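Protein sequences appear in the order of chains U, X, G, V, F and Y.
Residue 902 in this note's numbering is what sits at position 17 of the first sequence, and the numbering runs on without skipping anything.
Residue 990 in this note's numbering is what sits at position 105 of the second sequence, and the numbering runs on without skipping anything.
Residue 955 in this note's numbering is what sits at position 70 of the third sequence, and the numbering runs on without skipping anything.
Residue 1076 in this note's numbering is what sits at position 191 of the fourth sequence, and the numbering runs on without skipping anything.
Residue 1084 in this note's numbering is what sits at position 199 of the fifth sequence, and the numbering runs on without skipping anything.
Residue 894 in this note's numbering is what sits at position 9 of the sixth sequence, and the numbering runs on without skipping anything.
Keep in mind that the hints were calculated from the coordinates and are not lab data.
Values in this document were obtained by computation on a predicted structure and should not be read as measured data.
It is possible that part of the hints are untrue.
Identical chains blur together in the list; that is why a pair holds if it fits in one copy or across any two.
[As the list claims (entries may be wrong)] Calculated lysine-lysine pairs in the DSSO-like style (CA-CA distance at most 27 Å, straight line):
hint, residue 1, residue 2
1, 891, 1172
2, 1172, 940
3, 1056, 891
4, 1056, 940
Number of protein chains: 6
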Amino acid sequence: MFSHNKRLQYTVRVSECNPALANLMLEQFGGPQGELAAACRYFTQALAEDDPGRKDLLMDIATEELSHLEVIGTIVAMLNKGAKGRLAEGVDAEADAFRSITGAGNDSHVTQVLYGGGAPLVNSAGVPWTAAYIDTIGEPTADLRSNIAAEARAKIIYERLINCTDDPGVKEALGFLMTREIAHQKSFEKALYSITPNFPPGKLEGDARFTNVYFNMSQGDGDMRGSWNQGQQWQFVSDRNEQSAVDGGDGMPSVNLTTEEEAALNAMALRTQSEPSEDPVTGAELKAGTQGGDPMNRTPIKPM
Amino acid sequence: MFSHNKRLQYTVRVSECNPALANLMLEQFGGPQGELAAACRYFTQALAEDDPGRKDLLMDIATEELSHLEVIGTIVAMLNKGAKGRLAEGVDAEADAFRSITGAGNDSHVTQVLYGGGAPLVNSAGVPWTAAYIDTIGEPTADLRSNIAAEARAKIIYERLINCTDDPGVKEALGFLMTREIAHQKSFEKALYSITPNFPPGKLEGDARFTNVYFNMSQGDGDMRGSWNQGQQWQFVSDRNEQSAVDGGDGMPSVNLTTEEEAALNAMALRTQSEPSEDPVTGAELKAGTQGGDPMNRTPIKPM
Amino acid sequence: MFSHNKRLQYTVRVSECNPALANLMLEQFGGPQGELAAACRYFTQALAEDDPGRKDLLMDIATEELSHLEVIGTIVAMLNKGAKGRLAEGVDAEADAFRSITGAGNDSHVTQVLYGGGAPLVNSAGVPWTAAYIDTIGEPTADLRSNIAAEARAKIIYERLINCTDDPGVKEALGFLMTREIAHQKSFEKALYSITPNFPPGKLEGDARFTNVYFNMSQGDGDMRGSWNQGQQWQFVSDRNEQSAVDGGDGMPSVNLTTEEEAALNAMALRTQSEPSEDPVTGAELKAGTQGGDPMNRTPIKPM
Amino acid sequence: MFSHNKRLQYTVRVSECNPALANLMLEQFGGPQGELAAACRYFTQALAEDDPGRKDLLMDIATEELSHLEVIGTIVAMLNKGAKGRLAEGVDAEADAFRSITGAGNDSHVTQVLYGGGAPLVNSAGVPWTAAYIDTIGEPTADLRSNIAAEARAKIIYERLINCTDDPGVKEALGFLMTREIAHQKSFEKALYSITPNFPPGKLEGDARFTNVYFNMSQGDGDMRGSWNQGQQWQFVSDRNEQSAVDGGDGMPSVNLTTEEEAALNAMALRTQSEPSEDPVTGAELKAGTQGGDPMNRTPIKPM
Amino acid sequence: MFSHNKRLQYTVRVSECNPALANLMLEQFGGPQGELAAACRYFTQALAEDDPGRKDLLMDIATEELSHLEVIGTIVAMLNKGAKGRLAEGVDAEADAFRSITGAGNDSHVTQVLYGGGAPLVNSAGVPWTAAYIDTIGEPTADLRSNIAAEARAKIIYERLINCTDDPGVKEALGFLMTREIAHQKSFEKALYSITPNFPPGKLEGDARFTNVYFNMSQGDGDMRGSWNQGQQWQFVSDRNEQSAVDGGDGMPSVNLTTEEEAALNAMALRTQSEPSEDPVTGAELKAGTQGGDPMNRTPIKPM
Amino acid sequence: MFSHNKRLQYTVRVSECNPALANLMLEQFGGPQGELAAACRYFTQALAEDDPGRKDLLMDIATEELSHLEVIGTIVAMLNKGAKGRLAEGVDAEADAFRSITGAGNDSHVTQVLYGGGAPLVNSAGVPWTAAYIDTIGEPTADLRSNIAAEARAKIIYERLINCTDDPGVKEALGFLMTREIAHQKSFEKALYSITPNFPPGKLEGDARFTNVYFNMSQGDGDMRGSWNQGQQWQFVSDRNEQSAVDGGDGMPSVNLTTEEEAALNAMALRTQSEPSEDPVTGAELKAGTQGGDPMNRTPIKPM
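So that you can see chain U by itself, here it is in the shape it has in the complex (with noise of 0.2 Å):
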């Protein structure tokens, strides 16, 4: 059972109100590697693991997020306030609430007119968060990993959001935030360094034909060889006829139909088949123009 404490995790001290900047903070609120996608990531795991270790560190910072979540939009909220107020009062006069609504800069006009001045669950491009940012699939040799990589990414937005405020308050709270990341990155390091083994994830072996090959898939000015496709861990093919049909069949698929599926096929095949040898005129022919001569005074693109 969650509960709540009305002290913030960290005191939130807003300098002036700023609805521009408040916009870019919904970043890691309601965005993609922001606190919701935090919470809700580690929650899900915790509920469903039966590792007593796991579980119990997943709900701690999971209930952490939640706290971090509070802290953002509490930050969010503080630089919308004046905006919120005249907005819903009514207190400026129509061309002045244009200019501020749409000037203010980067989407806050919607959090204006659409959210009241409020913390929307949006990005700061308005667009609403999905669950589709989580990308827990229940193993956690793969989970771990993914919170892992979460935990890095919020890390570096928080990174780029304190380079952009100088009101110091914000500066410091973004601080704090930024820097829990680093220590939940560093819990569930441990946390997978746990579980041995650990690579490859999941429980089946890969094929050990192809564990160690390097295809060297983009060829020309630019290749590079390093420790990820060179040395006594990779074998490295580079011969196009060698990185197709690696099985040493014709690369060709096949199925096997039933006789009534076949003639279905076939039926259907005949029905749309494509006729090579004949050159129809076709509907763009009909009411082409005329390259070069077009009545319509088309303007030639080249040369440019």
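Given the coordinates of chain U, work out where chains X, G, V, F and Y should sit on it, guided by the hints.
Only chains X, G, V, F and Y this time, still in chain U's reference frame:
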């Protein structure tokens, strides 16, 4: 520039049509952990990357993932081929067609009725693929971790699919695809660890007061200690008072308002104030049923 | 700040695993009327609210909804627990696994294959949760009405789920959750009616010419009168002529254009004008089948 | 059956083109609180409704909302008309076109570049309309409450838009649309209160032990009492111990497993168990920077 | 302005309730090729259209599509009517209700549990309708082609649905709806070909060097020639060298940077550079299983 | 199988960085009419196609579209390169960074803050790409028409983008991409017209009673006749009575219910019946303001 060779990277041999199995396979075609997501993830990273080694690596693997997309999509197309012809030509009696479409199972009705037995970019629930699945943010020390995690997840979904079919050709091709995820994870690991330092990701240091703190936010039977929250690296905080307002402030948010902003907020507060001392009659009370003596013979849910 | 107690708000006792029932339960976990939507709805309102009474109320209920999210998610996790282990360890023969995953019913294949038998934030169709479900706009006289309606909807979905299971522990926990929606609706009703006036919502009056008009837009057998369109409060308008251009104008839109804008529009009009007097041969006519004498043996649909 | 009269329900007169204002107006065209959502909401309810009075009411208002969709869409089209022609015919020098498209403000570049200066079904952030905005569930005592709330929200968004323009024709048409939301809310109120009883919604009673309980989940400075949690109707519970496991159990979840399920879960637990006693070296530690002595000249974030 | 007549455009007669068939029918109600998409497509085009003929045509067909939406939605509502009542009143024993809801098939559980047996704007997978389905861009020579294609697609989905039911009333109404798509396609073809020229669409000519080139990008067994890539109109290019950098440049991208930009990029490059010469130990290696000698008894996937 | 050549299909030369222009360009990278949509559209059709000519054609063009995706994505990456470095290394003072990110215009803040100055698969509004943009249904006579329309739309968006930049290298590369859409449209036209017959699409004939009827659904000033509704091919129906219930029935829907279903529906009707004769007091009336004499000093909106 991409070019295409009509031979698949791995020969696909399907024993018999099976639209329900085809539908499950869509997870790795148009699902969140599937090959389109993988290809798009690495391809977009490659475009913006300036490090020559990583750029090459990302484009190599992006291109291979496109080739995998072709393999898994071909499996889907082969498994659906029988249904496709029958449906297009309407060869079944209506009741049979309905039974066959509805009875195959697990959302394969969508692949059939909406997508004509093709290979649509949806997952096994029929949810269209979305770029919201891609978590690339443009910082290598984060993106490489995201790639490692993505490969781990894809490996697991293939493992689950392999466990669901006894068609030897499908199993073999899935085994190839699964194995390549292992190889790709290895490459991304090497690329990540060839950056020094790579932790914490990005440029800013954390706030030293909070980097090594573990907040025990979830308490009760089941609390556990482990390397993720104990040992030299951790300061473990269980006291609820030390978990909130950790900056030493009062935990209450504040913002400086202009006089004009304050006046507007006050006007809004007055207009929308809740009057706690009064007990108003509400809409719900106007036509409420009487619990326990309901004239509509409502069903009491207790005792259950 | 949130904290977490490992005891659930309501003890969950599940009699036996049932992935199809688990999948139905997802409606109240990651569905549009579910607990995540409720928690997010009230939590975001609380952050931006300045009225002390409503702010407290909203945070109280938001926190309880999070605790409900934990209860319903735990039900899902318990119902899926058997499937989770079998799937992860691949203990079934492939054909059995396929049958079990495909045959359980109602999209539970998604929960299993994609989410590993966990508790994903999707609804019972596998559609990921989206903040588009949340209709908060930042005006209390509207948001409280939205909350009242949301509680009413959630109550009904629980009622439907209760009707679908005879597992006494599941039924009992669902009954608790359903009941709390009733209690929350009552609280929101009280909060709405403690604002005077609360109708019409917001600040602007309506245009007195149109506030009490009822336009009878749908006519024919089935026209009905009732308190919603008759009586002292209503002016009932059925005459089609009095329903359009009610401002007394001609009902035609107009805009003033600059000379430059007009010239550009005229150029576009000329370039794309349709020539009504001509009867052009079209693309469809080039290769049209002959209805009734089709060489492809098309099936006439009449008589059916 | 629907029919259409070329006269608008309200005459639209726009003073001058303004693509940024057009873009704001999209909130009530293709936004969550807009007219398409309203029309679809009532129309779909009407289709499934069996009560003759409500069915008629719902179709009357649905039809009027479609007519409002036409009015607001016409406003958008008129405000965009100048931009549409200039863009289509490419009359501006490139730098001017870029400035004009980028500088108009608030996402109007999307309306112009992607939608050609038309009236797309997106909101003012460019987010496509989704039926996820519609919360109809097919129970009149809930749906009517949803409708009441929806009208209240739409009224407010119109109020905000009215405050943003001084074009008298736009203002007047918006005033008409806003007023009709008030009238519709009144009708839906009447329809709700003509059902006896209408609370609690649906058929099942609540569990009498929990219907009148208020859990004080958020505690600290700012706790408030009011009609929503005090008085004869409420039992107020602040003790944290009485808030969890309210059924009297231990608050711990349980499920009965078959022997086979248990074996599989144990195998999974063994495979993925975290070893708490060990302190493993992790990936993050392999290439961690030294906080405070970083060779990369990382920027310490403190003191800020 | 729209008005509504209570008579349907086509009388709907349903033989018996069938929630699974209802669910399939949703494809043409709230699916991508369905009637809402059609109505919205033409209606929004009509609003922004200035050519009087096309404007009238678009509004005529938009209005008819709304009337079709009513017909198909009524079919859905009739097919669901039995389930709706039983569900709402909870008349079945729980196990029966579960069986009935889960067993009907093809996602009809969503229509029942979430939407109460109504007519929701989702497709047969339960995916909510989205305006992302509408591809209108505001240029008639493109939009009319989109409309032609949309009618063709809708015709096919109706054909598939007709093949799935032997209920004569449903079949007959679907036949009407399908036929009208044919008629609408004809009208849009006429409207397109009454514009001269209509190809290429828009105003700009193509670059004459590339308008008639066919790049043979996919090579191998299965290469085919036909009117789409051979004949007088085509220059066929198979040589891989002539397919890339077709402008005669080196195919490598370039951008001019300011000194400041270059310095920042260099700093980023240095910070995140990959060191190819070293072979670092990676996270995956720390706890990797030994392929072929795995202590966890991993299952080798070969031979399969 | 796909392979990659490091030379672009068209050399990209960008004169100077411009994140706002980069953001506009995203329309053709991750937007609905962009190259990813094109590539996915043709690639998925190719996988399921059995006609050898079309299969080859579709894969040729899919592969070229992938190469175009690389060209447009490279343009985006080059235009963003300056912003990427400055942002990553935090070289600007905070206020400058904020101004630069917020002031560049048209949602480029999202590309910068969330995506780090990369090339994300979103459109110029920041909306993530979705497979809902792809309208493939698996019937060639429909899909080819969809492809023709898609090429027409993409051509127009390129035309608009060309009109927005005077950077000669960008303009030239866009001109190439635009031209190729023309060439592809021509190929798809040829492929469509090599099928006989191709109209109506699919297998079923229309109902001869309705194939040639034009319903004049929108009436009033502005009614027009043209080849799309007059001439030998059309029967023009304006009489409202002949537009509804065109089957000759009464236009009223019906369904046969079982006794049990009827009883349940009757119970629901009774429980939720609206009582038209009564005029209940409603929730809105409990706390309604007095229009014209509002104690809250509401602003009357008339006269405006």
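Verification of the supplied hints:
Neither within a single protomer nor between protomers do residue 891 and residue 1172 lie at most 27 Å apart by alpha-carbon distance, with minima of 71 Å and 31 Å respectively. Proximity of residue 1172 and residue 940 under a CA criterion of 27 Å is satisfied inter-copy only: 21 Å between copies versus 68 Å inside one chain copy. Taking CA atoms no more than 27 Å apart as the test, residue 1056 paired with residue 891 passes inside one copy only; the shortest distance there is 22 Å, against 34 Å between copies. For the homomeric pair residue 1056 and residue 940, the shortest alpha-carbon distance between copies (26 Å) is at most 27 Å, but the shortest distance inside one copy (33 Å) is not.
The earlier numbered hint that this structure contradicts is number 1, and it is the only one.
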